[in-house]
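S.K.: Here's the letter readout for the chains.
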Amino acid sequence: KQEVTQIPAALSVPEGENLVLNCSFTDSAIYNLQWFRQDPGKGLTSLLLIQSSQREQTSGRLNASLDKSSGRSTLYIAASQPGDSATYLCAPRWGGNNNDMRFGAGTRLTVKP
Amino acid sequence: GAGVSQSPSNKVTEKGKDVELRCDPISGHTALYWYRQRLGQGLEFLIYFQGNSAPDKSGLPSDRFSAERTGESVSTLTIQRTQQEDSAVYLCASSLGGFGYTFGSGTRLTVV
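Heads up: the protein sequence lines correspond to chains A and B, in order.
Anchor point for the first sequence: position 76 equals 76 in the working numbering, and the numbering is continuous, going up by one each time.
Plus 1000 on top of the position in the second sequence (first one is 1) and you've got the working numbering.
It should be emphasised that the hints constitute simulated quantities derived from the structure, not laboratory data.
Any given hint might turn out to be false.
Claimed, not checked - Calculated lysine to any residue pairs in the SDA-like style (CA-CA distance at most 25 angstroms, straight line):
1) B/Lys1057 - A/Glu3
2) A/Lys42 - B/Leu1039
3) A/Lys42 - B/Ala1054
4) A/Lys42 - A/Gln81
5) B/Lys1057 - A/Asn32
6) A/Lys42 - B/Arg1022
7) A/Lys112 - B/Leu1039
8) A/Lys42 - B/Ala1088
9) A/Lys42 - B/Val1012
10) A/Lys42 - B/Leu1060
11) A/Lys42 - B/Glu1020
12) B/Lys1057 - B/Gln1083
13) A/Lys42 - B/Ala1002
14) A/Lys42 - B/Val1112
15) A/Lys42 - B/Asn1052
16) A/Lys42 - B/Gln1083
17) A/Lys42 - B/Gly1028
18) A/Lys68 - B/Thr1102
19) A/Lys42 - B/Phe1065
20) A/Lys42 - B/Ser1066
21) B/Lys1057 - A/Ala105
22) A/Lys42 - B/Glu1068
23) A/Lys68 - B/Gly1040
24) A/Lys42 - B/Gly1042
25) A/Lys42 - B/Asp1018
26) A/Lys42 - B/Ser1005
27) A/Lys42 - B/Thr1102
28) A/Lys42 - B/Ser1053
29) A/Lys42 - B/Glu1014
30) A/Lys68 - B/Phe1045
31) B/Lys1015 - B/Gly1051
32) A/Lys42 - B/Arg1038
33) A/Lys42 - B/Thr1076
34) A/Lys42 - B/Gly1003
35) A/Lys42 - B/Ser1027
36) A/Lys112 - B/Gly1040
37) A/Lys42 - B/Arg1108
38) A/Lys68 - B/Leu1096
39) A/Lys42 - B/Pro1008
With these hints in hand, go ahead and build the complete structure from the sequences.
M.R.: In C-alpha cells, the structure reads:
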C-alpha cells in the first residue's frame, strides 16, 4: 500500500528562521511529487512540482528536493515570514494512472512575528 | 476559466436531505478529481474522471455518494440522505496529464 508520512505534524518558529519540512513515502517508483499549501478554510495552492527525473525545484524562498531511491522529499523554506503560516501537504504520484496520488496529513506551520 | 471553480462555497443542510456540489475544471483539463477533507485530517480520494473513460469510483465511501461529469467539463458530486459524518470540505481538482493538479477552493458541507 502506498503511504505518505509528513514530519513534523506541527511546527512553530519565530520569524526569520530557515526551516525544513519532511515527507517520506513507501514505494519509491513515483512519477512525480507535488508540494501544496493549504490556508485555513481554503483549497490547496500548488507550490512546487518535481518530476521523478529531477533532484530539486526552487521557487523564491522555497526549495524542494527529491531523493526518490530513499522515498523522501524535503521542503526548505528560507527566511520564514508570518505569511508562510499554513499547512503544507506533500503528494507523490505513482505510475501512469492519474488517480495514484496520495496526500500526507500535512505539517501545520506557524511563523510568529 | 482561469482556475477550478466550486459551488456553493458553503452548504448547511439537514440530516437526511440530498445535496449537490458542483465543480468547473480548468478548460482543457482532461482529468477531474474529488477529495474529501474532514476537520483536522488529510485528503481522502473519492472519485476520478479521465476523459471519456469509465470513472474510478474506488474512493466513494458508500452508495449514498455518486458523481457525474459531462465530457471534459462540469462535474457534480451528489450525496443522498446526508449524515452528520458527511460534514467536511469537499475539494475538486483538475489536471492535464502528469503536470500537476490545480485545486478549487472547496465546498464546506455542514450537516445538522
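S.K.: Report the numbers of all earlier hints that the structure fails to satisfy, in ascending order.
M.R.: 3, 15, 23, 28 and 31
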